Amino acid sequence: MMQFVADGIVSAALIALGAIGISMTYNILRFANFAQGEILTVGAYFALLLVGIMGAGIGAMGPIAFGWPLLLSIVFAMAATSIVVLIVDWLLFRQLRNRNAARITLIMAAFGVSLMGRNIVTLVAGGEPQYYAFFIPKAFEILPGVKLIPDDLAIIAISVIAFAALFTFMTRTSMGRQMRAVAENPTLARVNGIDVRAVIRWTWIIGASLATIAGVLLAHNTQLRPEMGFDMLLPMFAALILGGASNLYGTILGALVIGLTEALAVSFGLAGYRAAITFMVMLAVLLFRPQGLLGEKE
Amino acid sequence: MESYFSVLVFFLISASFFSLTTLGLNLQWGFTGLFNVGIVGFYAIGAYTSAILTGPPYPDTLIGGLGLWFPIGFIGAMVTSGLAALIVGFVTLRLREDFLAISTFGIAMSIQLVTLNFESLTRGPNGMYSLPRPLSGLSDSNLVDNILYLILCLAIIGAVYWAFERMVRSPWGRVLRAIREDETAAAALGKNVFAIRLQSFVVGSAVMGLAGAMQANFIGFVSPQDFLPIFTFQVFVMLIVGGSGNNMGALLGGLVVWGLWSFSEQVIGAILPATFNTEAGAVRIVLIGLILALALLYRPEGILREKRIVSREARLS
Amino acid sequence: MAEPMLAVRDVEAGYNPSLPILHGISLEVFEGEIVTVLGPNGAGKSTLIKAIAGLLSVSRGSVKIAGRDITGLETHQLIRERVAYVPQTENVFARLSVEENLALGALHNPDQFTAQRRRVLDLFPDLERLGHLAAGKLSGGQRQMVAVGRALMADPILLMLDEPSAGLSPKLAQVVFSQLIRVKEVGVTILMVEQNARAALKISDRGYVLAEGQEKVHGDAQSLLDNPEVGELYLGAKSRLVRS
Numbered sequence: 001m002m003q004f005v006a007d008g009i010v011s012a013a014l015i016a017l018g019a020i021g022i023s024m025t026y027n028i029l030r031f032a033n034f035a036q037g038e039i040l041t042v043g044a045y046f047a048l049l050l051v052g053i054m055g056a057g058i059g060a061m062g063p064i065a066f067g068w069p070l071l072l073s074i075v076f077a078m079a080a081t082s083i084v085v086l087i088v089d090w091l092l093f094r095q096l097r098n099r100n101a102a103r104i105t106l107i108m109a110a111f112g113v114s115l116m117g118r119n120i121v122t123l124v125a126g127g128e129p130q131y132y133a134f135f136i137p138k139a140f141e142i143l144p145g146v147k148l149i150p151d152d153l154a155i156i157a158i159s160v161i162a163f164a165a166l167f168t169f170m171t172r173t174s175m176g177r178q179m180r181a182v183a184e185n186p187t188l189a190r191v192n193g194i195d196v197r198a199v200i201r202w203t204w205i206i207g208a209s210l211a212t213i214a215g216v217l218l219a220h221n222t223q224l225r226p227e228m229g230f231d232m233l234l235p236m237f238a239a240l241i242l243g244g245a246s247n248l249y250g251t252i253l254g255a256l257v258i259g260l261t262e263a264l265a266v267s268f269g270l271a272g273y274r275a276a277i278t279f280m281v282m283l284a285v286l287l288f289r290p291q292g293l294l295g296e297k298e
Numbered sequence: 001m002e003s004y005f006s007v008l009v010f011f012l013i014s015a016s017f018f019s020l021t022t023l024g025l026n027l028q029w030g031f032t033g034l035f036n037v038g039i040v041g042f043y044a045i046g047a048y049t050s051a052i053l054t055g056p057p058y059p060d061t062l063i064g065g066l067g068l069w070f071p072i073g074f075i076g077a078m079v080t081s082g083l084a085a086l087i088v089g090f091v092t093l094r095l096r097e098d099f100l101a102i103s104t105f106g107i108a109m110s111i112q113l114v115t116l117n118f119e120s121l122t123r124g125p126n127g128m129y130s131l132p133r134p135l136s137g138l139s140d141s142n143l144v145d146n147i148l149y150l151i152l153c154l155a156i157i158g159a160v161y162w163a164f165e166r167m168v169r170s171p172w173g174r175v176l177r178a179i180r181e182d183e184t185a186a187a188a189l190g191k192n193v194f195a196i197r198l199q200s201f202v203v204g205s206a207v208m209g210l211a212g213a214m215q216a217n218f219i220g221f222v223s224p225q226d227f228l229p230i231f232t233f234q235v236f237v238m239l240i241v242g243g244s245g246n247n248m249g250a251l252l253g254g255l256v257v258w259g260l261w262s263f264s265e266q267v268i269g270a271i272l273p274a275t276f277n278t279e280a281g282a283v284r285i286v287l288i289g290l291i292l293a294l295a296l297l298y299r300p301e302g303i304l305r306e307k308r309i310v311s312r313e314a315r316l317s
Numbered sequence: 001m002a003e004p005m006l007a008v009r010d011v012e013a014g015y016n017p018s019l020p021i022l023h024g025i026s027l028e029v030f031e032g033e034i035v036t037v038l039g040p041n042g043a044g045k046s047t048l049i050k051a052i053a054g055l056l057s058v059s060r061g062s063v064k065i066a067g068r069d070i071t072g073l074e075t076h077q078l079i080r081e082r083v084a085y086v087p088q089t090e091n092v093f094a095r096l097s098v099e100e101n102l103a104l105g106a107l108h109n110p111d112q113f114t115a116q117r118r119r120v121l122d123l124f125p126d127l128e129r130l131g132h133l134a135a136g137k138l139s140g141g142q143r144q145m146v147a148v149g150r151a152l153m154a155d156p157i158l159l160m161l162d163e164p165s166a167g168l169s170p171k172l173a174q175v176v177f178s179q180l181i182r183v184k185e186v187g188v189t190i191l192m193v194e195q196n197a198r199a200a201l202k203i204s205d206r207g208y209v210l211a212e213g214q215e216k217v218h219g220d221a222q223s224l225l226d227n228p229e230v231g232e233l234y235l236g237a238k239s240r241l242v243r244s
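Protein sequence lines, in the order shown, are assigned to chains A, B and C.
Under our numbering, the first residue of the first sequence is numbered 1, with each subsequent residue one higher.
Under our numbering, the first residue of the second sequence is numbered 1, with each subsequent residue one higher.
Under our numbering, the first residue of the third sequence is numbered 1, with each subsequent residue one higher.
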């Protein structure tokens, strides 16, 4: 029975890594990025590219079925994905922002980018499922009745490290403070000498980098498909909204709730419906607490 | 010559499903400002309702196979879509517009999952087949059948268009636009903002369900693969290109964008060899995405601008 | 006379380029002065200061700081010119702590952070014990201190304030004004916009009176207080803003 908790936490880690990018774009750029799923997908595929180029497989670290080659690919993919994201922002979203486009227009544009992104990936990399490497995961029992594969633990560890790094960045560095300032009051931020355009760039880079990590780990855990990120869009948004859109801690908490709910649904044999179930959970929370679990009332 | 004509008729029939859906979206978004990203969900509900009501009995479903006359299927579609919209709207319409977008999107995904998994109702991925096509027994020629169906579609569109035009010129329509422009002011005037938005949402969704039913019975087959998010996206492109807030613009947008979509299919099909089927589909989607991006950047108001509607009562005699 | 610290010449500006609110305003602030801009509501006082701060576009005229032309600079570039601006409302980052607000103030002069922080805390000793509280949880008067403190962290040569006493009780307003005198004493030139004409003129060297987007009267503070025209602009009758 407790298996679902372990599976849920692994799920939650990936959802949270992806959802944080949405949270940052939402709070700093003030728009709901419907294309976040594709950032995960693109990140995963860039890593595939490097793995293929290096030709050394993905390595291994003890019982964990990946090693330095994959980690190196992640770093490369983070850079490449960030560049792509910055270009798309520059070509499209920035133009719309400069024209004072409505929030809805930005969401529509993101929806379009999302659709195009999936299809460009299909065109470039092909639509069939692909894998970084083939490995046979060996599960071991960490608690009675709870099995995990070593890679799951690695995923959780990497996520925790990423979150810790992010929080240190946001609270201890100048750019982190600037980002929080812009999220709260962009005009006052400019008055204070903050270059909002630079902050926006960093927002995209950090969000895209975390999403890339999520994408690669997700692809390693399951498989690479052009739809892989899009399938995460609803859980990521559900995590964001349920946790309280204005709060990064809320996003992580929301991801935990969503991850556990999904895993619970699967354990009851409702795997096909799990996206719908997590969505209903989000709606239920919204009905009773519209600002989310950790959000502030408007 | 006849084959070109029959292609044209087929094209117009398909376009009419889209145009009708776009009309529904225009009411929800163009006039009321509701960002419904779950269009395909309501379309699917209508399609499946009609399939259940008018379709033949299948060995593996529990309900359905009633084989009723098609108007019952169409009306049933409107009822179920409207009802679904009532429930969904009740829960989500109080949310901010970006949350409304995600919620309606999630609803549509959930509906798609239900069509895929709830096999005792929908036959899952196998779909429901042999749905009766209205007016199909009346002549021997397929072409004449299609022309008759086209006339039926145009008649339905005409009726809905007429009804919508009257609605937006009525006092109700005035309040609708007031809510869209300044919700707080409208509420201060004592208007029940929530109820009116809900009404608009329900009526718009019912029309979308009707369009879905019309497609289901024309094609004769429904399956979960027919109801993907790209449909929602296509309808939005149609409304934006045609002109949000303008009913004729909605119809025009449906026609124009469907034309571009179909035309691009022909062109790309001629250029790429048949083995590149998936790739061809992907290229078309990228193209339509570009059209949307260009429209948003350079002509966000669409082909036909929103008319400044002066209500009947307000006009000086 | 030396080059003014701030020289505004014939400025025309507004929220909408086709609808200017300011019709050719000129004013000067010399080093070490406190200058107040007064006027009834809608006169364009706030618009003037926002235009100098780059938040509105200036369609005509020029703004110079110590001889350097800053017309048309973007808002975030002003701090580098050592011009600090304290808006009337929403002038602190409510979700950040007091210390973080101050740290942001020294964004472009981080090497001076310790020295400037000391200077600000000397001026506003209360801020030290409030350091870790979120700025939004403070009272109006305390928030005003944080707002001004944040602006001072940048070691500005010119400090601009939009109605610093707005929303404060007369006693607290007095506290704010006496703090501004101390800010002047450490060598910062001050330009402020104020509704509270008497109290502001009491601590100012000179003043300008705006009405309907134009400058009507200017002069040294005492003469404005004695001037019946100024009284008329405010009170609608010929009377004097008697210095109490």
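Honestly, the hints are just simulated from the structure, not real lab data.
Please read these numbers as outputs of a predicted model, since none were measured by experiment.
It is possible that part of the hints are untrue.
Unchecked claim - Beta-carbon label-pair distances, calculated as ranges:
1. C/Arg-129 with B/Ala-195: 48 to 54 Å
2. A/Gly-52 with B/Ala-195: 33 to 39 Å
3. C/Glu-212 with A/Pro-290: 41 to 47 Å
4. B/Gly-220 with A/Asp-231: 38 to 44 Å
For glycine and all other residues, C-beta sits at the position ideal for the given N, C-alpha and C.
Hints and how they fare:
{"no.": "1", "hint": "C/Arg-129 with B/Ala-195: 48 to 54 Å", "result": "holds (52 Å)"}
{"no.": "2", "hint": "A/Gly-52 with B/Ala-195: 33 to 39 Å", "result": "violated (58 Å)"}
{"no.": "3", "hint": "C/Glu-212 with A/Pro-290: 41 to 47 Å", "result": "holds (45 Å)"}
{"no.": "4", "hint": "B/Gly-220 with A/Asp-231: 38 to 44 Å", "result": "violated (31 Å)"}
Comparing the model with each earlier hint shows violations of hints 2, 4; every other hint is respected.
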